[in-house]
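*Asks:* These are the residues of each chain, in order.
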Amino acid sequence: MAENETSPTILQFAPLNSSVDEGFWHSFSSLKLDKLGIDDSPLSITGFCAPCSHPQVSNHLTLLSESLPSDEQSLIANTSHGNRNKCPVPGILYNTNTVESFNKLDKQSLLKAEAKKIWEDIQSGKALEDCALLSRFLVISFADLKKWSFRYWFAFPALVLDPPASLVELKPASEYFSSEEAESVSAACNDWRESNSTTDVPFFLVSVSSDSKASIKHLKDYEACQGDYQKLFFGFYDPCHLPSNPGWPLRNYLALIRSRWNLETVLFFCYRESRGFADLNLSLVGQASVTLSSGESAETVPNSVGWELNKGKRVPRSISLANSMDPTRLAVSAVDLNLKLMRWRALPSLNLNVLSSVKCLLLGAGTLGCQVARTLMGWGIRNITFVDYGKVAMSNPVRQSLYTFEDCVGRGEFKAVAAVKSLKQIFPAMESSGVVMAIPMPGHPISSQEEDSVLGDCKRLSDLIESHDAVFLLTDTRESRWLPSLLCANANKIAINAALGFDSYMVMRHGAGPTSLSDDMNKTHRQRLGCYFCNDVVAPQDSMTDRTLDQQCTVTRPGLAPIAGALAVELLVGVLQHPLGIYAKGDNSSSSNGGNIDDSPLGILPHQIRGSISQFSQITLLGQASNSCTACSETVISEYRKRGNSFILEAINHPTYLEDLTGLTELKKAANSFNLDWEDDDIDDDDDDVAVDL
Amino acid sequence: MESGREVSDFSSGDGRLTVEDFSVAARGFSDNWKTHNQSFPPWSWVPLISRTPLVSKKQEEGYLSLEKIIILSSLEEKNPEEDSLNVETDCSEKEESIDDTILVQPLDNEAHYYDFHIVYSASYRVPVLYFRGYCSGGKPLSLDVIKKDLPSCSVSLLMESKWTFITQEEHPYLNRPWFKLHPCGTEEWIKLLSQSSSSAGCQMPVELYLVSWFSVVGQVVGLRIPLEMLN
Ligand SMILES: [Zn+2]
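Which chain is which? The protein sequence lines are A and B, in order. As numbered in UniProt numbering, the first sequence has no gaps in its residue numbers, which increase by one up to the final residue, 694. As numbered in UniProt numbering, the second sequence has no gaps in its residue numbers, which increase by one up to the final residue, 231.
Chain B with its partners taken away, still in its complex shape (with noise of 0.2 Å):
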């Protein structure tokens, strides 16, 4: 199986990747997002550095990143144990005289961060979307926050779909949680994919792994791509 594997016209028959099957995958999805979806930053690739410095690889291992993907929302909601914490110090008395080069800005529509991971698992053999939200502070977004952030079609997505769980998890290269799609459903869907594509007479190259993989994951999260993409 491994010896038999063929990068270039791998058809994912088996709805799985290998590692360097992954960063092939990678680069052609970064390539193609930058080419047809211009709305958006760029992927980048972020590599790791090796805990095998001995083997030496060809590709090398990484993950792709798509970091501070901005939602305004027009009202925040108050957090009570915020408040509480704010205690007013009354050290604070007098400290800066009254400054009128300072700009007094309204308070601001509260703009929502997202960054995006997408993770080769090396145990289920496929690629893993990681994210996060949080506020312009770094607080971090609970996941009933996010929700709030999601377009309709994607919460009823995560309601209905077998595919599509939400968990919380150690992200494996940060060693923090971060929410993530878990992957255990993804060979099968990935199966069904390539079965209709390669009825319809056409195999999935390695390139294009990522982009159907990310047609499917990417609306769960509210990052739909364009058509174009999948050709």
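With the rest of the complex left out, here is chain A (with noise of 0.2 Å):
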């Protein structure tokens, strides 16, 4: 072909980018899982494109979420319809159900198949009633859909002109029109853009005649624009914005030119825009010389290129929507969004980030123990451990917030495992796990096969201690209290300790274990707060001592457990929050003018609560250490460390041991007062409304 000296230069196009709006894969994940569930044939698509509005960015062929055939209920509109910014231009999507099926597609087949339809809408006709047809494209994915992936690839058909066509000429329309024409030009674009029913008609005819008057047409007119002192343009949307080259539409363009007028001599007009105007220093006049076929036939598909590259390189695209399409990630940055927003408009200085790494242990999954758990979730607390021995009973689920019926058929879950389980389903983020085992008490003695497995117990729950950052003391009995407390007190972690009367609670936190003051510097004048058992001998400051609580009552007003919980996880969170942390001091809501405020974010921190409900009334209160406590004391804690496990037996075998110990008589009478025998407890004795003493 090339016998001329001068090669002419060819035709270069460039090619059409395809970009996928977010929604198009939303709205095609429900489409697959909705509807089309493993169905994978063919769909009809629509992409849309647009003349190129940026003098140095291409326009796109756009998917959005009203590309797929909808009969969906938007709350939006269909504005599609003769948007000047959305030209419908007919797709094909081909997606598959394995990432295999997506690499073994033909894709030569696959595009010849679709130039195949812009070659036969070119001979019917009918590319010239709807020219969009022209621009036909096809796209195939694997839409992976359980991590939110995507891959895919399009590609835009075009027809190969053989020989090329060359160029002769290309400027822009501002200095290929006279000043007239290209006004006329302008006014006629503009018209044509601004109608409703041909704005997203890409392809037309421009008209120039002799009196530089310009006129546009439907590519059907053509017959009609063959006048003498006519000067004829094939105008298209170009996306393209480069000043040297037409954009991928003219390749059809001209396949349809050559095939249905056999023109030699093509002049054609890229059309762009900025600003929703024509712009004609932006749109290209060029002209094209094509070699008409001889031979060539109808029924002869021309070959077709037209898959798009990805950087340069010809391999499948791929995007990961997981940030928006994961229900996981999203409730998490749902929840954290709310603490954010607490922090923001009411505590700045709250440090969330201590509140998402804490680990709390929770002793006891009953009333108590869920109610905690929930409160602790609503506080963005993630890490959970729950240590229970029972399951979940029939009585339970009305009363425990994180069971339901289904978990107390058959033979019951563990309350341990329900728990878990429920936190997961609440918010799947939670960390939790769930420890099925029994606590071992003080005074009931145990046979010497037993040791074994108690003080197994033993090692696991200090090991559990040790590895979570705070403990709640939530057992429905006083003395599975005493281990986890002295535990506690020994490796000096945060202890909260709720329990409930029949109308009245009591909600505390443990001071900092007695070593860790010989640790500090200035241990003289800092006092330690007591525990649940030093009020065995530290009497509170203020008293409600003289109410009476029946301790054999197995029952407690509905209402306490959530007061109690959500108190016991407000104290964690005060506590947290405090620059002293375990080492706070303890406030009184007396003292609240005290100017302790300043010290955390939440307000004062309290000791001690306690409440009535019978009386709609609740008091803080302060109760320091006691030397003589049979958990937290000096005394106790440094014989544990000495002894180790024979204190613990002969602690829990001896009855009269801790009393000799530290002189104490109390617990004694208490654990006499206990007529239950943890070992050999059952489903029906498994009743954790707690009723200790206050």
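Read the hints as simulated data drawn from the structure, not as lab findings. Note that the coordinates shown come from a computational prediction; the quantities given were computed from them, not determined experimentally. Just so you know, not all the hints are guaranteed correct.
Straight-line alpha carbon distances no greater than 16 Å define the calculated EDC-like cross-link-like pairs of lysine to aspartate or glutamate that follow [claimed, not checked]:
1. 421(A) to 431(A)
2. 148(B) to 110(B)
3. 340(A) to 169(B)
4. 32(A) to 144(A)
5. 311(A) to 110(B)
6. 313(A) to 99(B)
7. 117(A) to 129(A)
8. 217(A) to 129(A)
9. 112(A) to 299(A)
Join these two chains into a complex; the hints should help.
*Replies:* Below you can see the structure in the form of structure tokens.
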């Protein structure tokens, strides 16, 4: 073909690029999940294009959520018809169900098949009626809906002219036209773009008469434009911004022009705009010379090209939308947001990281345990471990807010297991685990065969406490709180204690362990706050002791556990936000104007809170640690450190041992009053509605 | 309160808007924008299909939309995840014969696209700015990348100001997460703005509500409005 000495410049076209809106993948995922299932037959879709409107950026063929066939109840009125920036283009989507079948697709034949449709539409004249058919496109995709990732590849089939068209001339339309012509062309284009019926018709004829008047016509009116005084330009919406090349749509346009009208010389007009108006500086006028076919028949489809490159390479594109589609991630960000808003609006100095990283150990997964866990989640705490040996009983779900009827049918699920499952259901980002285990109690002698397993439980409990930051004592007996109190004092872990009577409750935080203060440089004047068992000897400063509580009482008013559970968590949050943490001294509500508020953004941080629902009253109390406490005194802790297991066994087997050690008689009295045998507890005994000595 | 509401010379004394006022203000804002801010495309009103067809409202419900604002960034950082996903498939051999009619383009400047929606929040009774950014291929931009596109004054405004708190939440009409400037401070600073203007002897008409609102909010996302818009 290169017989001339100067070979003509081949007309080169700037490839079209694709853009897929996030919304498309969202809608496609719903369509796939709700309707298509594994049906992988090709889908008709609609792409949207528009002329280039930026001097440095080309326009893309865009897929939006409305690109899919839809019958959904969208709130937004469908504005895509007659929208100047959304000219519809027909396309076809081949979605595969596996990545293997995606890779195996015969891309060459798929492209050919679409090219054939374009060719046939040209031959039949359909493309003259509906010129968007010239820009048909195709997409292959693999949607991994479990990972919210999508792999896809576009093709913009273009019929190849053989031999290729050569470029005679190409210049900005503003230079090509006289100023009068340019003005008239602009005006005509603007009218075309303003009218709802033509704005989304991307191929058109521009005729300029000898008196510089331009008019725009549909392709099908080609014959009517054949006047003697007219110059005829084949106009199209050019997505390309380059001053040196026309865009991709011109390819099939030229194929149509050559095939329908047999023109050897084609004047084309690349229409581009800025700010919604024709921009003849950006727009181009060019002259192409086309070799007319001799033996070409309508049956022979020309070769085609058009698979989109990805950054210059022949590879598919991919996108991961886990951030906007993974419901767990969405839940996490929503929960975080709620806390951030609280900080932002009310508590600017709130440290949220401390909360999200703190590990909580809940001893007891009954009424209080469920309530504490729920409130902890509300504060953004993610890490919760339950220790409980009971199963969910039929009476539990109505009071124990993590369980449902399903958990008690059959033999009943272990609470420690059911609670973990429940937390995950409420909020999938919870890191929760459950330990089915009874807590060894003092004054309950065991046989020598049981020793190993009881000591094993002690070791497990000790390890659990070591590996957590805060411990909630929520078990149903007073005695079962002794070992955890001791272990927390030994490990210097935050311990929060909540207990319920029939219509009264007590919530407290334990002070730091005794040895933690010996390390401290100025331990003088710093008193430790008491633990649950210190109350046995040191009466609270403000006394509510004239109340009498029935120790055998096994019922509580249902409103108590939510109140006490919530207070227990608020107390923990107060400790975590306090600069002194576990060492923070106890505030009284009466001392609230004593200037302590500045220490914590949350207000005062009491040591103990007692309340009565029969009086609808609540007070804060302060009690210092006792030197003869059976759980947290230096004597007990150092004995435990010295003798370890044998100390524990002695405490368990000899009801008077602790009293001997500390000179106390209280614990024995209390222990004697319990007649439960924790080894043999069956489900019925496992009523977590605590009745303990307040 | 409701019955005493005047649409035309409403003084946003309490810093809030009714939904009808919002659509009036929206029109005022987009007209004003078109006149004074021609370097930007116009805001368009996206009407919503009414969920309560029995209630015939004078003003239709909808939101304002300004889409595809382009920011050119010279270098696009490589996304390692993307590269690993793009395993070269061997099926691409010999698919297309070399075709010298295809222009081989150098890799362009990467364009970032931004969409902005002004949506009425019925619970706060104030306008809320929703926005998102994405690459030319459609991939959404993270907030960290978006912050790199913002002028430095916007970034410092974001860090320092108590009023400008960006969150990611579900777009109320698109049902996908978009970024938004959280509206909980809006009422208060609008009140401040309108107090300063009424102390100067003029009331803030409802048509100007969105203009003054956007004069604050727009700065956060790098969209300044010309002073003439504020009269
Ligand atoms: Zn103690």
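*Asks:* Which earlier hints can't be squared with this structure?
*Replies:* none
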